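Now for the letters of each chain:
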Amino acid sequence: MKLKKTLAFLLSAMMTASLTACGGGQAASSSAAPASSAAPAESSAASVAEPAGAEVEITWWAFPTFGQENADDPVGTYEQKIIDAFQDANPGIKVKLDTIDFTNGPEKIVSAIEGGNAPDVLFDAPGRIIEYGNNGKLVPLDDLFTADFIADVNNDALIEACKGKGTPYMYPISSSPFYMAINKQMWEDAGAMEFVNLEGDRTWSTADWEKAIEKLAAAGMNPGTVFCNGQGGDQGTRAFITNLYGATIANPEMTEYTANSEAGVQALTKMKEWIDKGWLGDGVSNTAANDIELFATGFSSFAFCWGTSTALAQAPNMEAASVTPISLPFPSDDGVPELEYLVNGFCVFDNGDAARADAAKKLIQFICDDPEWGPKDVVRTGAFPVRQSFAEKDLYAGNEEYAVLENFTKYYAPYYNTMDGFANMRTEWWNMLQNVISNGTDPKEALDAYVAASNAGMNAA
Amino acid sequence: MGQSNPAAAPQKSLSHVLQRRETTVAYLFLLPALLFFAAFVIVPMIMGVVTSLFNYTMKSPVSAESFVGLGNYIELFKDKVFLRSMWNTVVIVVVSVPAVTFFSLWVGSAIYQKTGWIRSFFRGVFYLPVVTGSVTVVVVWKWMFDFQRGIFNWALKSSGLIEKNINWLGDQKVAIWCILLILFTTSVGQPIVLYVAALGNVDQSQVEAAQVDGATKLQTFWQIKWPAIKPTTLYVLVITTINSFQCFALIQLLTSGGPSNSTSTVMYYLYRNAFSLYRYGYANAMGVILAIIIAIFSALQFKTMNTGVEY
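Line order of the protein sequences matches chains A and B. In terms of our numbering, the first sequence opens at residue 774 and continues consecutively. In terms of our numbering, the second sequence opens at residue -1 and continues consecutively.
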């Protein structure tokens, strides 16, 4: 009996101790994490050297932006190769890779930030990164934006896209436009190709677009949809609608959302009219991914959310369905489109440890700038290098499609993704489209409400 | 009788010591679970309530400057999307809870006396959606509801019942019912299993005695079986109510709260505010309101269903 009691006591004591130990560890790591109001870790990749023999361990969270070299390679294989090469060149730094996906990744990042367990390096895009930066969670990267780098990029708009309130938070590696795609066979069969310009930059007009979708509908071809089930890929519907009659999402100063202009109302009214006629698809229950799948499997005749990485990812589906896509800029009333674009880049979280911040900066410089790995990494993103010196190497030599797409980059629109309240504006956008398409809300009324809510969200941010 | 036993005092003292030791050991056994419960339930709950009084966002941490008192709660009741989400949540609860309970009871009653393999078959069929991952279930339903290529539209169109496809998840009047249908199929599994077990445990001698006395099937059910399965019914009601109030994954994966917030629930709106807009304090205020409402509903259910229930 006594033995039993002693054993019971020891067992419960061990369980308690193990729990306390776990809790203690967590508390310790939390306390080591910076308070959100803490000053950013001051560091300089160039000036700080680690103590001899000391090893710095950093974590890198990566969305699947790098395509793998072989179709069978598991997610993260290419990233691990980069890490191995980096660690060989920097023996004092150990990098731990965590791959995250676009569905749960953003939530995981927010939880990690608030839990004091943010990664050191994140590979993402300005929309989220600049928000984290503006909220004081990132290390400024002024020391990486050297005069040489800025001169090499030679694109002020792109450099500005990496800044939040004037402070650079994202180190860019590559960029590519978002555009639309049409199904060559379906358009030929419907006799709609006569309205498509395949010369030069392939720009075309809203009037031609309208004639084309009328012909497609008459021939019984399924239209692409104005998808608005969520915010993913919403840049496609925004670019399509604003280009129709020259509306803009924001003013040039990026201080106010302005899509409720006369041109915006005209475009939204037309969109609703086309949906009612069956020339455009009702996409209230479709996400961008659904719409892309409809296109890639040969069901619909066009898609509004297309890009280099999407084309690569959908290649097997298109091959199986014998779909030949043609990439086109969005139609516009003056024939001069304004395209949204993706910038891939890295940020460094402020984890209150200068050594880790320096190591993180070294890693991102290695990934983006290393003479051997930099160009290779750009190609793995399927986008165009931001550095002109890499562009001169003609990374996509012989690829005619990329030669056309490179011309699209001259139509890059002002980058509003780094405005305050961007996340709120995105939510308001797809809700606004749902209201017009499903609820029958008057386009002007819907746009006014959307702009008012977006501007209110900007002021609240 | 008035004489005291000289051995009684030391015995009493020894008994107290033993009792205290046993109590100590019992508490020590409970301690890990209590610590776990306190760390992962009680503390977060308290933190949720406290932070709901602050304008706590990614930019503005909990501090004297961000204290807004009941500001978040006042804003909530002016927020049209929140009110719509609350309405949708109540609709889901009011429709789903009785439907799940009655259907489960009906199926349970119909199969509990069948042979073993028939019972197992039906329990398996109804429990399958429960053990299947919610993402998988939702993806399959989404395919079936698909506006362009879904099997429902195909079947209805092929049979000539409709001319134009129905946008199941894109029509405000229909979408919430689609959500309810899926919620129903994923909710009935456990109650059916519980009812089959509960009905199987009803004292057969009482049932037979009632039948001998000439009671009808309905009378036997209401007078004998129903009181015996009341604890199970109470459990089913409370659990289904809580699950319905917390309906989230279906909405996130299927409709994102749309169209035009017609399927948004409080849990989904809470998530949107916390993880998309980084308004943690505001989201926590929603959580507090939801917890209060669930507590009220559960208390009412205990009050009305707990009469005469013996455990």
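Misleading hints may appear alongside valid ones.
As the list claims (entries may be wrong) - Within a straight-line C-alpha distance of at most 20 Å, the following computed DMTMM-like cross-link-like pairs (lysine to aspartate or glutamate) qualify:
#, chain 1, residue 1, chain 2, residue 2
1, B, K171, A, E972
2, B, K162, A, E1046
3, B, K57, A, D1193
4, B, K57, A, E880
5, A, K1050, A, E880
6, A, K1050, B, E206
7, A, K1045, B, D169
8, A, K1050, B, D169
9, B, K78, A, E887
10, B, K171, A, D1049
11, A, K1183, A, E972
12, A, K1043, A, D1215
13, B, K57, A, E887
14, A, K1166, A, D1193
15, B, K78, A, E1218
16, B, K162, A, E1145
Said to hold, decoys possible - Facing chain A, from chain B, some residues (calculated, C-beta under 10 Å):
#, residue
17, L167
18, A173
19, E206
20, A293
21, F295
22, S296
What the hints assert, rightly or not - Stretch-level coverage of chain A by chain B, calculated; a stretch enters the list once three of its residues show a Cβ under 8 Å from a Cβ in chain B:
#, stretch
23, 872 to 883
24, 1204 to 1212
It should be emphasised that the hints constitute simulated quantities derived from the structure, not laboratory data. Since we're looking at a predicted model, the values are computed, not measured. Don't be surprised by glycine CBs; every beta carbon is placed ideally from N, CA and C.
>> Hinted pair, alpha-carbon criterion (20 Å max): A/K1166, A/D1193. Please report holds or violated.
In response: Distance ~37 Å between A/K1166 and A/D1193 Cα, so the pair is violated.
> When you check the alpha-carbon spacing of A/K1043 and A/D1215, does it fall within 20 Å?
Replying inline: 12 Å, holds
>> Between the alpha carbons of B/K162 and A/E1046, is the straight-line distance 20 Å or under?
In response: Within the cut-off at roughly 18 Å; holds.
>> What's the verdict on A/K1183 and A/E972, does the C-alpha distance respect the 20 Å limit or exceed it?
In response: This hinted pair holds, its Cα atoms lying about 16 Å apart.
>> Just to make sure I understand the rule, a stretch counts as covered if three or more of its residues have a C-beta closer than 8 Å to a C-beta of the chain. Does the stretch 1204 to 1212 of chain A meet that for chain B?
In response: Result for this restraint: holds, n = 6.
>> Hint check: B/K57 vs A/D1193, CA-CA at most 20 Å. Holds or violated?
In response: 12 Å, holds
>> Between the alpha carbons of A/K1050 and B/E206, is the straight-line distance 20 Å or under?
In response: Distance ~68 Å between A/K1050 and B/E206 Cα, so the pair is violated.
>> Less than 10 Å between beta-carbons is the criterion; does B/S296 satisfy it with respect to chain A?
In response: 28 Å, violated
>> Next pair to validate is A/K1050 with B/D169; report whether the Cα-Cα distance is within 20 Å.
In response: 18 Å, holds
> Has the given pair, B/K78 with A/E1218, been kept, meaning a C-alpha gap of at most 20 Å?
Replying inline: 17 Å, holds
> Does the alpha-carbon distance linking B/K57 and A/E880 stay inside the 20 Å limit?
Replying inline: 16 Å, holds
> Counting residues of the stretch 872 to 883 of chain A whose CB is closer than 8 Å to a CB in chain B, do you get three or more?
Replying inline: holds (count 3)
Going down the numbered hints, you'll see the structure goes against 1, 5, 6, 9, 14, 16, 19, 20, 21, 22, while the others check out.
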